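Take a look at the letters that make up each chain.
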Amino acid sequence: MNGAINVMQRELTGYFETPVAYVFLIIFLAMTGIFTFYLGNFYERGFADLDSFFRFHPWLYLFLVPAISMRLWAEERRSGTIELLLTLPLTTRQAVLGKFLAAWLFIGLALVLTLPMWFTVNYLGSPDNGVILAAYLGSWLMAGGFLAIGSCMSALTRNQVVAFILSIVVCFLFLLSGLPMVMNLFNGWAPQIVLDGIASLSFLQHFADITKGVIDLRDLVYFALVITFWLLANVLILDIKKAD
Amino acid sequence: MIEAKSLCKSYGHFKAVDDLSFQVESGQVLGFLGPNGAGKSTTMKMLTGFLAPTSGTALINGVDVVESSVAARKNIGYLPEGAPSYGEMTVKQFLTFVARARLIEKSDVPASVDSAIIKLNLSGVKHQAIETLSKGFKRRVGLAQAIIHDPQILILDEPTDGLDPNQKREVRGLIRAMAEDKIIIISTHILEEVAAVCNRVMIIAEGRLLADDSPQGLIARSRYHNAVSLVVETPEKVASTLGVLPQVGKVEIREGELTLFPTGETGLLEAVTAAISENQWRVSALRLEAGRMDEVFHNITCTEASA
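Protein sequence lines correspond, in order, to chains A and B.
For the record, in the first sequence the residue sitting at position 4 is 4 according to the numbering used here, with numbers rising by one throughout.
For the record, in the second sequence the residue sitting at position 6 is 6 according to the numbering used here, with numbers rising by one throughout.
Among the hints, erroneous ones may be present.
These stretches of chain A come out as covered by chain B in the derived footprint (C-beta under 8 angstroms, 3 or more residues) [as the list claims (entries may be wrong)]:
hint, stretch
1, 74-82
2, 85-94
3, 123-131
4, 216-225
Think about it this way: if two alpha-carbon atoms lie no more than 27 angstroms apart in a straight line, the pair counts; the simulated BS3-like pairs of lysine-lysine are [said to hold, decoys possible]:
hint, chain 1, residue 1, chain 2, residue 2
5, B, 5, A, 241
6, A, 242, B, 119
7, A, 241, B, 15
8, B, 168, A, 241
Residues of chain B clear of chain A, computed beta-carbon distances all greater than 12 angstroms [to be verified]:
hint, residue
9, 1
10, 3
11, 36
12, 47
13, 55
14, 84
15, 85
16, 87
17, 90
18, 114
19, 118
20, 119
21, 142
22, 220
23, 256
24, 295
Please keep in mind that the hints were generated in silico from the structure rather than gathered at the bench.
Small disclaimer: the values here were computed from a predicted structure and weren't measured.
The beta-carbon is built from N, C-alpha and C at its ideal position, and this holds for glycine as well.
Sequences are here, hints too, so could you generate the full structure?
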């Protein structure tokens, strides 16, 4: 675990030594604001809740999380530091976990910086704060899912643009797997059990469940499994294909 | 001690390293010498646990790099080719990260970082981002991270590549200074480097071991070994006179320089100097050849590899 924490600390330092962190945080805050107030009609709806804020998170993450995750491994490959990192006395798992945790904490920080939104809604009315807390948790878990996919895609290539596009495509499929545009690909030929399986993979559905304020163990387990699966795939890819 | 046992690495049908076995003892500075793409880097990547061998294995102080990769890495300091580092970090941040990752006791980390900084003369730039440093400094940062945990084994992939002559000299000095109680393996395609720092050379080409010798031993394989070269005004005349001496075998004249190759008999140089003073030739240069590394290298890598 110490190895993973050391890698995590290094990564976090790396974020703040470069403009990446600041650009991301500013864009994230600006976009959440724009979505909430303009597209979400925060004031006009007349409800004291943050639904119009959280509703756009999946779509925001679809582009912003791959922007964070694309450099995780592709950059290590391009600069050759992967050879340095993976010849240190730590396991590939520790390195993958450390990098993932750093990026996840960083997105957590971005979420924490949106707290003024929460204060605003409490100033304007009396929202159900339990629901909002659950939604924050759900949002962060979903970000973790996107991030694990992005990290794995990033390990496939030394080109950050390729990693970015691959991540968006896979994240998009996961996001929409319950909706007709994905389901129609399988309808008619795949057995019902497969259809149900695919439908149950949807990020949107599980996120929607949590944002209703119901923290169901199944939703938590779902995101934990998604993260674990993609991180293990990430480890496997690195072990198989270390050098280019 | 390093023990490589039948290391092989193939990519599809291409054999990058083909059945390489060798042992390296403490105190040896081993140079991997070979043309580009000979398998030097691949061998180092297998020894450091970065690449898994297709077959065969290596023992690092008795620990198997395939079976217990992480444990084996603990004894090694490694400078990968091109000395990669995290450019956005400062020298100190980077070395602190490596020191911790190298499992140095938490309380000893600052001391090890400082001592590596002093050894590599990095004090002036320790708070600078690595990407802003010159190539020479970057290389030194790479060396600093390799020695930070005072490893018993140092593996340096082209440590002087791309450096200017002064920097090369400096890096070689560092390597020699550390050599005494360690195992050091360096790879290079620079011939002079081998003679300058190594006490053992392995010539590798097309993934195979072609020669394993001391630098002196290799040079002695040159046909120029113990030959005498001289520059005189009338080389043809001198050549015909000297050619009859029993110590002189073949005679070659190239660009006004006369080279006399020895036969089995000793005392070639003495015989030549005696002849010079006897005939009162005006000699503007005279030297005893040690041997030519480039010629040995060419013969070994071009004839034996294709055979």
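Hints, one by one, checked against the model:
1. 74-82: holds (count 3)
2. 85-94: Our answer is that it holds, as 6 residues pass the Cβ test (under 8 angstroms) against chain B, meeting three.
3. 123-131: It is violated: at least three residues are needed, and the stretch 123-131 of chain A offers just 0 whose Cβ sits closer than 8 angstroms to chain B.
4. 216-225: It is violated, with 0 qualifying residues against the three required.
5. B:5 x A:241: holds (23 angstroms)
6. A:242 x B:119: Distance ~32 angstroms between residue 242 (chain A) and residue 119 (chain B) Cα, so the pair is violated.
7. A:241 x B:15: holds (17 angstroms)
8. B:168 x A:241: Distance ~33 angstroms between residue 168 (chain B) and residue 241 (chain A) Cα, so the pair is violated.
9. 1: holds (19 angstroms)
10. 3: Non-interface label on residue 3 (chain B) holds, nearest chain A Cβ at 19 angstroms vs cutoff 12 angstroms.
11. 36: holds (16 angstroms)
12. 47: Contrary to the label, residue 47 (chain B) does not stay out of reach of chain A, its closest Cβ about 10 angstroms off (not over 12 angstroms).
13. 55: holds (17 angstroms)
14. 84: violated (4 angstroms)
15. 85: violated (7 angstroms)
16. 87: violated (7 angstroms)
17. 90: violated (8 angstroms)
18. 114: holds (19 angstroms)
19. 118: holds (22 angstroms)
20. 119: holds (19 angstroms)
21. 142: violated (8 angstroms)
22. 220: Holds, because the least Cβ-Cβ distance between residue 220 (chain B) and chain A comes to about 37 angstroms, which exceeds 12 angstroms.
23. 256: The claim stands: residue 256 (chain B) keeps its Cβ more than 12 angstroms from every Cβ of chain A (closest is about 48 angstroms).
24. 295: Given that every Cβ of chain A is farther than 12 angstroms from that of residue 295 (chain B), nearest at about 34 angstroms, it holds.
Going down the numbered hints, you'll see the structure goes against 3, 4, 6, 8, 12, 14, 15, 16, 17 and 21, while the others check out.
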